[in-house]
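J.: Here is what each chain is made of, one letter per residue.
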Amino acid sequence: MTQPSAEAGTTATDERPIRVLIAKPGLDGHDRGAKVVARALRDAGMEVVYTGIRQTPQMIAEAALQEDVQVIGLSILSGAHLGLFPRIVEELKERSVDDVLLFAGGIIPADDVDEVQAMGFKGVFGPGTDTRDIIEFVREHAPRRA
Amino acid sequence: MDTAAELVDALVEGNRRALARAITHVEADSAIGREVLRLIYPRTGRAQTIGITGSAGAGKSTLVGALARAERERGRTIGIVAVDPSSPFSHGAILGDRIRMQDLTSDPGVFLRSMASRGNLGGLSETATGVVDLMDAFGHDIVLIETVGAGQDEVEVATTAQTTVLVANPGAGDEVQSMKAGLMEIAQIMVVNKADLAGADTAVAQLRALLAIANVGAWSPPILKTIAKTNEGISELVDAIDEHQAHTRSDEHAAAERERHVRGQIIALARAALHREALEAAETTGALDTLVEEVASRQRDPRSAALELLDSLQATWAASRSSTP
Numbered sequence: 004m005t006q007p008s009a010e011a012g013t014t015a016t017d018e019r020p021i022r023v024l025i026a027k028p029g030l031d032g033h034d035r036g037a038k039v040v041a042r043a044l045r046d047a048g049m050e051v052v053y054t055g056i057r058q059t060p061q062m063i064a065e066a067a068l069q070e071d072v073q074v075i076g077l078s079i080l081s082g083a084h085l086g087l088f089p090r091i092v093e094e095l096k097e098r099s100v101d102d103v104l105l106f107a108g109g110i111i112p113a114d115d116v117d118e119v120q121a122m123g124f125k126g127v128f129g130p131g132t133d134t135r136d137i138i139e140f141v142r143e144h145a146p147r148r149a
Numbered sequence: 058m059d060t061a062a063e064l065v066d067a068l069v070e071g072n073r074r075a076l077a078r079a080i081t082h083v084e085a086d087s088a089i090g091r092e093v094l095r096l097i098y099p100r101t102g103r104a105q106t107i108g109i110t111g112s113a114g115a116g117k118s119t120l121v122g123a124l125a126r127a128e129r130e131r132g133r134t135i136g137i138v139a140v141d142p143s144s145p146f147s148h149g150a151i152l153g154d155r156i157r158m159q160d161l162t163s164d165p166g167v168f169l170r171s172m173a174s175r176g177n178l179g180g181l182s183e184t185a186t187g188v189v190d191l192m193d194a195f196g197h198d199i200v201l202i203e204t205v206g207a208g209q210d211e212v213e214v215a216t217t218a219q220t221t222v223l224v225a226n227p228g229a230g231d232e233v234q235s236m237k238a239g240l241m242e243i244a245q246i247m248v249v250n251k252a253d254l255a256g257a258d259t260a261v262a263q264l265r266a267l268l269a270i271a272n273v274g275a276w277s278p279p280i281l282k283t284i285a286k287t288n289e290g291i292s293e294l295v296d297a298i299d300e301h302q303a304h305t306r307s308d309e310h311a312a313a314e315r316e317r318h319v320r321g322q323i324i325a326l327a328r329a330a331l332h333r334e335a336l337e338a339a340e341t342t343g344a345l346d347t348l349v350e351e352v353a354s355r356q357r358d359p360r361s362a363a364l365e366l367l368d369s370l371q372a373t374w375a376a377s378r379s380s381t382p
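So the sequences go chain by chain: A and B. My numbering applies: residue 4 is where the first sequence begins, and numbers increase by one. My numbering applies: residue 58 is where the second sequence begins, and numbers increase by one.
Worth flagging that the hints you see were computed from the coordinates, not collected in a lab. Each hint should be verified, as a subset may be incorrect.
Some chain B residues judged to face chain A by a derived CB distance under 8 Å, without partners named [claimed, not checked]:
1) VAL69
2) ARG73
3) ARG74
4) SER112
5) LEU152
6) GLY153
7) ILE156
8) MET158
9) HIS332
The structure displayed is predicted, hence computed values, not measured ones. Using N, Cα and C, we set each Cβ at its ideal position, and we do this for glycine too.
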């Protein structure tokens with residue numbers, strides 16, 4: 004965990020907090036990891052919209068649109084990432100939500116990482132990731148808004 | 058959709074992405090955001106704007122969800138503004154209202170936006186008022202705003218809505234007592250939620266007694282019992298809101314109601330702007346730091362220091378105001 008500071012959650016050129024959507028697609032039964040990431044990002048000064056479990060691709064894309072988040076983090080444990088992620092990317096594209104940073108976490112086998120990245124997920128974070136790495140990744144890559 | 062005019066054009070045609078982006082600008086209080094609000098204001102005033110207020114744990118989110126479903130059943134489209142608190146330490150926030158409204162988030166007739174309160178500088182009422190206006194201009198029939206906790210922000214946010222619903226619970230006798238210090242006066246409808254718990258009738262009686270000594274004017278606030286979790290009393294709540302809206306739009310009361318609402322809004326916005334800009338100036342000039350030292354060493358009392366601070370800020374503040382568009 005990083006120490007909170009006045010500049011927490013902001014980029015050098017942008018004073019407002021970074022808005023992040025943390026969502027869990029598919030049928031995972033628990034959301035421990037997603038909540039740990041959500042809290043870490045909050046403690047780093049970001050505003051985290053959390054959707055809860057069992058989200059459909061449409062629900063996630065619609066939430067991203069309505070909340071106008073800069074960043075979407077998807078957590079998935081079920082192994083359905085290769086099926087669900089492309090549908091989420093497609094739903095986002097249909098809504099013209101094209102200027103968001105995507106990252107993924109959970110159980111994503113090493114063999115699948117390249118494919119997931121090719122879909123547009125700039126970061127893929129597996130078990131044991133230090134939350135500071137995710138915070139730094141988000142701060143560095145989040146697109147600016149207003 | 059990069060300029061205010063483009064955003065407004067897209068927004069009034071029903072472009073949801075334009076609405077979302079316009080809200081972002083208003084929330085950031087950017088130049089574009091201010092321009093958007095100026096441009097859309099003539100298009101506002103059609104929606105029923107409804108504030109849901111009450112202390113933490115009263116069941117506001119659940120009530121908002123139930124209310125939204127009931128309004129959808131009556132064929133109305135809905136914008137929802139859900140406010141959650143920011144951490145005073147990290148300034149971050151977890152915005153979790155979507156969890157309780159999952160079924161609504163895939164309904165094209167619903168637009169839900171989560172907002173963090175972003176500190177106590179009065180900015181919440183400024184932002185919330187603007188977001189409600191955007192959702193109104195977008196064409197939503199109903200705009201619901203759910204506020205955080207209790208306190209001054211609560212009272213100010215209430216001025217963003219035409220109809221404010223105060224949510225209380227059974228067994229909260231002392232809490233109900235404390236409401237007479239302000240919250241009572243801003244509510245047009247009182248709801249005792251979780252009415253399946255013991256003491257619901259007592260809570261209703263307490264509210265009625267408080268209401269009897271409050272200065273309520275032409276509209277007498279009804280007191281309703283609901284169990285939001287099971288939708289009990291929700292249809293009656295929608296009816297009560299419709300009745301109050303009809304009252305505020307009736308020939309007899311429209312002028313006075315509009316004046317009441319707009320007056321409250323202007324005062325709240327002015328207070329918020331004053332608060333924010335004065336404190337910004339205090340930090341910029343360093344005037345505050347000097348006074349803090351003097352008061353801390355008991356050379357000066359805090360009251361005269363506060364007045365001195367205002368005096369010293371006037372020049373700086375006026376200059377900075379005239380230089381910003």
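J.: Taking the earlier hints as the rules, which of them does this structure contradict?
T.: Of the numbered hints given earlier, those the structure breaks are 1, 4, 8 and 9, listed in rising order.
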